[in-house]
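Participant: Residue numbers (the working numbering), protein chains in the order written: chain H, -18 to 439; chain R, 776 to 1017.
Hints are computed from structural coordinates only; laboratory data are not their basis. A quick note: this is a predicted structure, and the numbers were derived from the prediction, not measured. Backbone N, C-alpha and C define an ideal beta-carbon position, used for all residues, glycine too. Honestly, I wouldn't trust all of these hints.
[To be verified] Partial chain H-side listing against chain R, Cβ under 7 Å, derived:
1) Pro273
2) Glu410
3) Thr414
[Claimed, not checked] Computed beta-carbon distance windows for the label pairs:
4) H:Arg161 / R:Thr930: 54 to 62 Å
5) H:Glu410 / R:Arg941: 39 to 47 Å
6) R:Pro927 / H:Asp256: 46 to 54 Å
7) H:Val316 / R:Gly1005: 34 to 42 Å
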Amino acid sequence: MFGALYAAAGSDPAVLIDIAREFSPRIDVCGPREITLDVGGLARLFGAPREIASELRRTAADRGQQVRVAIAGSRTAARLLVRHRAGITIVEPGDDTATLASLPLELLLAVRGSGSSDPDDQDAEICASFRRWGLRTLGEVAALPPADVAARLGQAGVQWQRLARGEDPAPLVPSVPEERFEQALDLEWPIEGLEPLSFVLGRLMEPLSAHLERRDRGAAVLHVRLHLVSKIVHERSLELPAPMRDPRTLRTLVLLDLESHPPLAAIDRVVVAVDPTPARVLQYSLLTRPLPSPEQVSTLMARLNALVGDGRCGSPALVDSWRPGAFAMSPFAPVDEKGGGEGREGREGREGREGGEGGEGRTLVVALRRYRFAVPARVQVENGQPVRVTTERRGITGGRIEKAAGPWRTSGEWWLADGGTDSPWDRDEWDVTVSDGATYRLYRERDANAWFIDGVLD
Amino acid sequence: MAKTALAVLESALRERKLDRTLTTALPPLEQPADACAQTGIDAVDACLRNGVPRGQLSELTGPRSSGCTTLLLRMIAAATQRGELAAIVDTFDRLDVASLAAAGADLSRVLWIRGQAGGPPDWAIDRALKALNLVLQAGGFGLVPIDLADVPARTLRAIPFTTWLRVQRAVEGRDTACLLMSPEPVARSAGGLTLTLTGRTAWTGTAARPRVSGAELKMRVVSPRRRVEGEVALQSYVAAGL
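Chain H with its partners taken away, still in its complex shape (with noise of 0.2 Å):
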């Protein structure tokens, strides 16, 4: 059997929820002031359907709440009486039909719109197309042949037959409750710096992972909140690549967060709680290698981040620009392409050496090896033509200049008022090999009338 709990206007829809709750964990929540409860095994607890429908009445009065409670042989039975009538109804089971038969018509609509009160313009049309034909109560609707209304209305017709018959359109599908992922521990003493927090981290992510496994969900964002004995609260929020539940790594993550953000005051509560999201399911293949799991790519990243520094690791991307070693870096997250594993980059490489040298049929391309920061150097020039160049950087050796190609003039975002980020450029690109038989890269900032080192061909 099934109940109904329709409550007054301005009730609260929490309160009810969790009223419904505490009777039943099979509920659906049908709209803000309606709820449909499975009651069948309340008898035990309870006594007979009359009883369940007082004491619901009873709870919900004690909550501050003024319910309708109806209990029937169907959900669609049980709303739509609920819906009609006020106080407690009491269907027994097989009267379903002929209970409802003198209900109204336009009871239907509400049913349909799931509590919504905006019907939509089919149900509208239907329930236009019943008046019309003289029919005004739910039995009149359910007494028709089911045929001629199906040939008339479509399927749409035969549903609303149904529903006045009191069939449920689909079993109930009970809503389940929103649940919280989190940890918390307070601590008898104050702990200072990491190692003590990660025994701590670990005997909070444990049941945290359990709880995640439990319910087939992963951690999108991990955050810890730490209540210092500053009475600051110390927040970290971690957006991890990929679903993720192991508690090792989830720890390691906080921790190697934490080193570069560490807590200015000892901690007195630690709190981690994660947004849950759908774990991943992964298709291992036989043919291929496998690439490292986004849980080895997570902790490793972090790891190298707090060696190197944010902002250093990553994947090199090229950018649309022609300043000279303009780069970008993207998060390090590779994909197991299935089919081939071949890039854009890679295919257009392939493609550039095809036909290329011959016999070999792959290329080698000439690297550049770059300065990051230009080397200031000296170079004399002698008819336009660089013939020497020295630095003062150790490493370097310079010397006379055997041969020497250019100059290729290249400048760029001289348009921008502000110079944005970059600065614009302007200079003369010579390639030179010097005596010991290194190629350099050179330029001249024009401007300035100043030479540098960019690169070495290697």
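Got chain H; can you put chain R on it based on the hints?
Facilitator: Chain R in isolation, oriented as in the chain H frame:
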């Protein structure tokens, strides 16, 4: 009794991966294809008998403009084209991304760890070696080179030899080919290769308007245990827009 003791000793050595370095016979000349990381250059792969061995520390050495970076970027490109991941530990932040893309690498499969261009070399080397260790321990990468090409020879020789033994131990038994690029051989790994390059810049054009067309490279292979020896001549070209 003696046989049992010997078996226990061998088992203990095997557990600690000391059996290969002490007692195993030389590896076979013909290695299975997936035991090596191919360089992507047919002539070099043929000379190396399939490429650079996985699970070993190999070396790429040569002076400036000898083509070490050219060959290294080509190997990274070949690894990414096979669908593998590559991580480059760039000690002094020298990588030119346009050159890497021109070599044909899938940039999304490359992890670039950038060191600091300024500052004392010892500090940069220390951090680079720590980063290399982290990457090797994480696993999952097909090729992991570390760029020490701009380290002065004196500083390079001052690095304790045990450092390279530790790197070798970290990579041993994994699917990763670890590559050390330096001006001179320092690691001298027993199972790895040493590729020594020399090069000369190739020029073209007229005497009045010359230009760099590429480089003529020579690669010599030294391998103490794999008995791979040989010399390969290579030609590299300047890509458009570089």
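Participant: Indicate, hint by hint, whether the structure satisfies it.
Facilitator: Each hint, compared with the structure:
no. : hint                             : in the structure
1   : Pro273                           : 3 Å, holds
2   : Glu410                           : 11 Å, violated
3   : Thr414                           : 5 Å, holds
4   : H:Arg161 / R:Thr930: 54 to 62 Å  : 55 Å, holds
5   : H:Glu410 / R:Arg941: 39 to 47 Å  : 42 Å, holds
6   : R:Pro927 / H:Asp256: 46 to 54 Å  : 50 Å, holds
7   : H:Val316 / R:Gly1005: 34 to 42 Å : 38 Å, holds
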